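Protein sequence lines, in the order shown, are assigned to chains A and F.
First residue of the first sequence: 1, per my numbering; consecutive thereafter.
First residue of the second sequence: 326, per my numbering; consecutive thereafter.
Hints in this document: simulated from the structure, not taken from any laboratory.
One should not assume that every hint holds.
[What the hints assert, rightly or not] Here are the simulated DSSO-like cross-link-like pairs (lysine-lysine), alpha carbons at most 27 Å apart as the crow flies:
id	chain 1	residue 1	chain 2	residue 2
1	A	Lys2	A	Lys35
2	F	Lys656	A	Lys116
3	F	Lys656	A	Lys74
[To be verified] Computed Cβ-Cβ distance ranges for the label pairs, DEER-style:
id	chain 1	residue 1	chain 2	residue 2	range
4	A	Asp88	F	Asp732	23 to 31 Å
5	A	Gly97	F	Arg336	56 to 64 Å
6	A	Gln145	F	Asp634	49 to 57 Å
7	A	Asp11	F	Gly356	57 to 65 Å
8	A	Glu20	F	Asp634	50 to 58 Å
9	F	Asp732	A	Asn260	51 to 59 Å
10	F	Leu527	A	Arg261	29 to 37 Å
11	F	Arg724	A	Asp149	53 to 61 Å
12	A	Asp271	F	Ala561	56 to 64 Å
13	F	Ala561	A	Arg261	45 to 53 Å
14	F	Glu657	A	Arg12	29 to 37 Å
[Stated by the list, open to error] Some residues of chain A that are not near chain F, with every Cβ distance over 12 Å (derived):
id	residue
15	Leu19
16	Asp119
17	Ala147
18	Tyr204
19	Ser210
20	Asp213
21	Ile233
22	Arg239
23	Pro258
24	Asn260
Bear in mind that the values here come from a model prediction, so they are computed numbers and not experimental data.
The beta carbon of each residue, even a glycine, is placed where N, CA and C say it ideally should be.
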Amino acid sequence: MKHLLGIEGMDRADIERILERAESFAEVGRRDIKKVPTLRGRTIVSLFYEASTRTSSSFELAAKRLSADVVSVKASGSSVDKGESLKDTIATLSAYGPEAIIIRAPHAGAAGLVAKWTDAAVINAGDGKHEHPTQALLDVYTLRQRAGDLEGKSIWIVGDVLHSRVARSCALAFALMGAKITLAGPPTLIPRGVAEALDVEVAYDLDRLSDADVVYALRMQRERMHDSFVPSIREYAARFQIDSRRLGPRQLLMHPGPVNRGVELSAEVIDGPNSLITAQVESGLVVRMAIIYELLAGGERPRSGGSGAPDDEELPAPTPIGEPA
Amino acid sequence: MRIAELDWRGRDEAREDLVITRASVLDPRAGIDATHDVVIRGGEIAELGEPGGASVEGAEVIDGEGMHVFPAFFDPHVHLRTPGQENAEDVETGSRAAAAGGYCGILAMANTEPPVDSAADISALRERAASEASVPVGFLACVTRAMAGEELSEMAELRAAGAVGFSDDGLPVRSARVLRRALQYQRLAGGNIALHEEDPGLSGSGVMHEGPVSAMLGMEAIPSVSESTMIARDAALAAYEAARIHVQHLSARESVEVMAAAKERGVAITCEATPHHLVLTDEEVRSLDARYKMNPPLRSEGDRQALIDALRAGTIDCVATDHAPHPLETKEVPFEEAAMGVTGLETAFAVLHNELVLPGVLDLSTLVERMSAGAEPFDLEPPTLAPGGDANLVLFDPRADWEAGADGWESRSENSCFAGRSLTGRILMTIAGGAVAYRQREFAIGAAS
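Make the full structure from the sequences, and use the hints.
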């Protein structure tokens with residue numbers, strides 16, 4: 001893999017490889033010195049055109065754990081609003097010779113465009129409402145840690161599917177791992193044609209939610225009621241909130257965060273024993289380390305010069321470095 | 326009115342005599358389909374002679390063996406971007422692109438910056454065309470003042486100044502009340518009203534067709550009913566006011582159904598479809614390449630098939646390009662941010678010939694007829710090859726292989742969704758109003774030697 005632009009275009013083997021590597025990094029994370037020297041002297045640019053706490057911080061920390069130098073650029077609004085075009089911004093940042101560019105942008109396909117304009121490996125950290133592949137990969141990782149093989153598991157993704165890049169990437173990734181996907185939500189927030197596009201089931205109520213092994217709730221933005229997507233947050237919560245009444249004792253609960261307490265999830269399930277929400281955040285770091293590693297040192301991508309990335313055979317066993325870097 | 330009476334720089338120029346020998350001459354409207362020597366003298370079709378038998382004295386002779394001669398095309402929907410966006414196109418470059426595409430006349434839309442809504446604007450554009458245009462150019466004026474959709478433009482004065490018709494293209498006439506007034510006023514002002522049909526509430530800030538592809542890409546989408554419901558509304562208004570309207574760039578199956586029903590009821594309504602809607606679908610948008618962004622958007626395969634059937638049946642009257650030039654920087658951005666529109670003049674016939682005629686989907690004669698039928702809704706006589714008329718014709722080599730855009734474009738912009746496509750069949754020469762408006766470069770060099 002040269003870039004990670006979306007789950008679309010990946011196969012199961014790609015995902016397995018990244019998850020295995022993430023497990024080896026989880027091992028490193030339990031040691032006293034959590035850093036590996038793999039990317040020492042290499043530069044990674046993190047370019048965020050949208051506000052983000054967990055994604056940007058976990059990417060930054062992941063890159064630092066791999067000993068890379070990280071340049072973080074935060075820009076608000078669209079590239080056009082800023083005056084400088086995305087193309088020019090990428091040309092500018094590419095002049096630093098980064099090995100990877102991590103980009104979040106408010107528009108679909110932004111990461112794909114960046115990949116055309118730079119020699120660096122490009123990681124899509126969310127492009128509009130299109131894809132958020134690293135979130136999906138960390139979700140698969142988290143779920144496998146807890147539930148094992150996903151083959152044949154029933155996963156319900158519940159809520160505002162229309163505006164969710166997480167829903168799209170997760171549906172694709174879970175399906176690649178053999179799970180059966182149901183998208184559930186108010187008909188106004190389920191995109192027309194999505195059953196055909198993603199080969200999933202669609203439900204407009206939660207009557208059959210008990211079939212699910214995993215319930216993946218999506219963030220419901222309060223602004224949605226202004227566009228008549230839902231009559232009120234109260235009615236949405238009454239029909240679609242995941243609470244202890246709807247969530248069975250054997251069902252696992254996931255959410256990409258940040259959670260609107262009392263809207264898509266009730267407080268008791270967020271903190272309940274079936275919740276993987278905290279585990280998802282923890283997984284973010286090792287999975288993003290694995291993704292960066294896969295693209296920059298994964299062996300399929302010949303590197304010129306540099307410190308010499310370890311071969312695939314040396315893994316999974318990244319060695320911690322001896323002194324603090 | 327004859328197309329050649331529109332404004333262009335060739336109107337008062339001397340005409341050279343020309344004979345195209347042994348060409349396969351096809352003019353479905355005039356019932357001509359045979360091999361002839363085409364004799365052009367004094368800017369008119371003087372004779373369709375026996376192959377090899379025409380007198381060539383004093384004329385340039387072009388060997389038409391194996392070539393087609395068709396009536397030249399007419400495009401009722403072109404954006405020349407002047408005034409205001411001359412970095413994208415102007416009268417000179419846009420009309421040159423038209424000539425290269427085989428057109429003997431085009432109509433320019435009024436959604437310029439500022440919009441064309443005064444007699445002075447029309448006069449200035451006509452003067453410009455008279456000195457710069459390679460082919461006859463007619464100008465539409467806005468239906469509403471400043472294209473704001475609220476008050477009527479001075480339609481009668483605009484007509485007197487030479488506006489061929491009216492359109493707020495780029496935007497729908499949102500208010501049914503305002504459109505109704507315009508249709509009533511048409512009895513005084515005359516001139517057809519060309520309508521961009523779209524319900525702004527349904528389209529929202531959509532950027533592509535609503536369907537499985539938009540569901541996959543997560544982009545806000547424009548449903549087919551955004552178009553078809555407005556056509557239904559406006560057909561009802563036109564019927565009620567006994568007015569006539571021309572519906573622009575049909576894209577959806579539902580719209581075809583509404584058009585067929587309106588025509589069946591006898592409403593004075595015509596419509597057009599573009600080459601890109603007849604050839605491409607929203608599957609192209611999966612690439613997220615902004616060259617595939619336009620409004621109305623590329624729709625589904627089912628919609629495309631409905632458009633082809635309707636073009637064949639005559640429910641769709643004509644092909645129009647909606648040639649919409651944009652500078653590169655407005656397309657080299659994420660899809661959702663990119664400008665809407667594609668160029669089309671230089672590829673329209675070649676693409677439709679390659680994609681619909683060669684595979685046997687559409688008869689050559691049907692395509693040739695529909696390529697110039699866009700003149701009639703705007704009260705212009707469609708081009709004909711019948712002797713005695715203005716020479717408006719194209720010379721087409723059906724076997725020439727070429728790549729669209731490989732030799733550059735005549736248009737100032739290159740936002741073609743067919744750039745790079747390998748095509749069989751190429752326009753070698755366009756004669757508009759009796760004057761040679763275009764010769765393909767290699768063909769011209771060959772002819773000179």
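Structure-based check of all given hints:
no., hint, result
1, A:Lys2 - A:Lys35, "24 Å, holds"
2, F:Lys656 - A:Lys116, "14 Å, holds"
3, F:Lys656 - A:Lys74, "24 Å, holds"
4, A:Asp88 - F:Asp732: 23 to 31 Å, "29 Å, holds"
5, A:Gly97 - F:Arg336: 56 to 64 Å, "60 Å, holds"
6, A:Gln145 - F:Asp634: 49 to 57 Å, "55 Å, holds"
7, A:Asp11 - F:Gly356: 57 to 65 Å, "59 Å, holds"
8, A:Glu20 - F:Asp634: 50 to 58 Å, "53 Å, holds"
9, F:Asp732 - A:Asn260: 51 to 59 Å, "57 Å, holds"
10, F:Leu527 - A:Arg261: 29 to 37 Å, "35 Å, holds"
11, F:Arg724 - A:Asp149: 53 to 61 Å, "59 Å, holds"
12, A:Asp271 - F:Ala561: 56 to 64 Å, "59 Å, holds"
13, F:Ala561 - A:Arg261: 45 to 53 Å, "51 Å, holds"
14, F:Glu657 - A:Arg12: 29 to 37 Å, "35 Å, holds"
15, Leu19, "24 Å, holds"
16, Asp119, "18 Å, holds"
17, Ala147, "27 Å, holds"
18, Tyr204, "15 Å, holds"
19, Ser210, "27 Å, holds"
20, Asp213, "24 Å, holds"
21, Ile233, "21 Å, holds"
22, Arg239, "22 Å, holds"
23, Pro258, "20 Å, holds"
24, Asn260, "20 Å, holds"
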